[in-house]
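Position chain B against the provided structure of chain A, taking the given hints into account.
Protein chains in written order, with my numbering: chain A, 16 to 108; chain B, 2 to 366.
Bear in mind the hints are in silico, worked out from the structure with no lab data behind them.
Each hint should be verified, as a subset may be incorrect.
Stated by the list, open to error - Calculated pairs, DSSO-like style, for lysine-lysine (alpha carbon to alpha carbon, straight line, at most 27 Å):
#1 B:342 - B:239
#2 A:47 - B:239
#3 A:47 - A:35
#4 A:35 - B:278
#5 B:76 - B:278
#6 A:47 - A:100
#7 A:100 - A:35
#8 B:355 - B:336
#9 A:35 - B:76
#10 A:47 - B:76
#11 A:47 - B:309
#12 B:336 - B:239
#13 B:309 - B:336
#14 A:47 - B:355
#15 B:218 - A:100
#16 B:239 - A:100
#17 B:309 - B:239
#18 B:218 - B:239
#19 B:342 - B:309
As the list claims (entries may be wrong) - Partial list, derived from the structure: chain A residues whose beta carbon lies under 8 Å from chain B:
#20 27
#21 30
#22 34
#23 37
#24 46
As the list claims (entries may be wrong) - Here are the simulated distance ranges between beta carbons:
#25 B:221 - A:81: 30 to 38 Å
#26 A:54 - B:300: 26 to 34 Å
#27 B:288 - A:54: 41 to 49 Å
#28 B:335 - A:16: 41 to 49 Å
#29 B:341 - A:36: 45 to 53 Å
#30 B:85 - A:81: 28 to 36 Å
Quick reminder that beta carbons are idealized off the backbone N, C-alpha and C, glycines included.
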Amino acid sequence: MTTPDTVYRYAPGVMLRHDKLRDAHILNAPEKLIVLDGPGHAIASRIDGAQTVAQIIVALCELTGLPDTQIGPDVTGFIDDLAGKGLIRAVTP
Amino acid sequence: MNQNHADPPLAILAELTHRCPLRCPYCSNPTALVGRSGELSTAEWADVFRQAADMGALQVHMSGGEPAARKDLEKLCQAAVDAGLYINLITSGLMIDGARLDRLAAIGVPHVQLSVQGSDAAMCDAVGGYDGAFAIKQDFARAVVARGISLTLNAVLHRANCHQAGDMITMARDLGAARIEVAHTQYYGWGLLNRDGLLPSRDQLDDVTRIVEQARKDSGADLQIDYVVPDYYAETPKACMAGWGRRFLTISPEGKVLPCHAAETVDHLTFDTVRDKTLSEIWYDSPAFNTYRGTDWMPEPCQSCDLKEVDWGGCRCQALALVGDAGATDPVCSKSGQREKLLDALTDAAVSPKAGPDIWTYRQF
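Bound conformation, chain A alone (with noise of 0.2 Å):
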């Protein structure tokens, strides 16, 4: 369950890079290819095992200029969405 706390980090096996030809960020998983839309890699690019949830949604606040009532749950929504596919893990604190 994901909290404004949790600390996610990648699962094994998943890497974030950036496709030249595409012009596009890419997640790499196991058997899986996620294309990511520019708010989905600044908040993928964010889940480093360190910062929490809550210093994501201020950070992208920061960078879009809109409120958390907007962004923090669109941010929680993609976080949770990465979780469900088991290619982020909760950082045992």
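Here is chain B on its own, set in the frame of chain A:
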């Protein structure tokens, strides 16, 4: 269709060799296997990986046969990593000891997919035709996880072992796998040859589906469960390879470039090899890739079907194998008018539910 309609491939399946210590009777390799002397060299494979990455491929599935039957597997993985490709290593686990696994981990192999033939030694060893395989596979799985490499188990189901589906999922969890593919046998190559001794009954299939659905609820995100049903029981065809020549290509041990690993059965097509042409020329310009690419080739009822860009007409190899025409609608489709070709097989599965080593033709050269 012409090349303007083709996007770059996303991933390639590199069938490094047909050699394998296992002899599974549903092997997806062609029934005419390529021997060692016909295989591409280390340098040829390295060049293929560079070409694929330059075209836009992002992942390589290192497969076979058993890819580790090649003594140069480490060099090939290094070449793929150097080209920028993400590696899925698809293996029986029988030819990679701890030292070799250390080298593969150091090279940066991020993911290993390990085949499992059963949830116990008796089943696993009998299906693969290899005494002691089960124990080696268990040790290998633990060794993969211990090195921080993501592990997928690929549990291939059929009439003889599908009652073990739940136990295989439990095994995946216990071994620390991140994923399990619970995949019913697909009926190509050796699988088609042995179909009447492999195809599960409707009741067996429904039991497995129930088990998988319950296991998904129990596992949550910790174990991802992919489920592949035998399409003989489906009403709409699978989007085979996400469409012919749309996303994926396969390279056979001798360098033939194929739209899928079974495509050589479509024998009216000529498949070029990487020894004769570049990968890009073959992908964009060869008749073999363009014949069934897109939707222009489709007959009715596909041509006027709303799903034509969903299932892409299903599987060309299956249409050929069951209807005798690779350009026909996949007979799985309820609109094909040819479903009786499948129903015959399903009837046989229901009335003669025999299975096992006595009636299977094991894979052999």
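Hints, one by one, checked against the model:
no.: 1; hint: B:342 - B:239; in the structure: 17 Å, holds
no.: 2; hint: A:47 - B:239; in the structure: 18 Å, holds
no.: 3; hint: A:47 - A:35; in the structure: 19 Å, holds
no.: 4; hint: A:35 - B:278; in the structure: 25 Å, holds
no.: 5; hint: B:76 - B:278; in the structure: 23 Å, holds
no.: 6; hint: A:47 - A:100; in the structure: 10 Å, holds
no.: 7; hint: A:100 - A:35; in the structure: 26 Å, holds
no.: 8; hint: B:355 - B:336; in the structure: 31 Å, violated
no.: 9; hint: A:35 - B:76; in the structure: 25 Å, holds
no.: 10; hint: A:47 - B:76; in the structure: 24 Å, holds
no.: 11; hint: A:47 - B:309; in the structure: 24 Å, holds
no.: 12; hint: B:336 - B:239; in the structure: 14 Å, holds
no.: 13; hint: B:309 - B:336; in the structure: 12 Å, holds
no.: 14; hint: A:47 - B:355; in the structure: 37 Å, violated
no.: 15; hint: B:218 - A:100; in the structure: 13 Å, holds
no.: 16; hint: B:239 - A:100; in the structure: 22 Å, holds
no.: 17; hint: B:309 - B:239; in the structure: 11 Å, holds
no.: 18; hint: B:218 - B:239; in the structure: 25 Å, holds
no.: 19; hint: B:342 - B:309; in the structure: 22 Å, holds
no.: 20; hint: 27; in the structure: 4 Å, holds
no.: 21; hint: 30; in the structure: 7 Å, holds
no.: 22; hint: 34; in the structure: 6 Å, holds
no.: 23; hint: 37; in the structure: 7 Å, holds
no.: 24; hint: 46; in the structure: 6 Å, holds
no.: 25; hint: B:221 - A:81: 30 to 38 Å; in the structure: 31 Å, holds
no.: 26; hint: A:54 - B:300: 26 to 34 Å; in the structure: 43 Å, violated
no.: 27; hint: B:288 - A:54: 41 to 49 Å; in the structure: 43 Å, holds
no.: 28; hint: B:335 - A:16: 41 to 49 Å; in the structure: 42 Å, holds
no.: 29; hint: B:341 - A:36: 45 to 53 Å; in the structure: 46 Å, holds
no.: 30; hint: B:85 - A:81: 28 to 36 Å; in the structure: 35 Å, holds
Of the hints listed earlier, those the structure fails to meet are numbers 8, 14, 26, in rising order.
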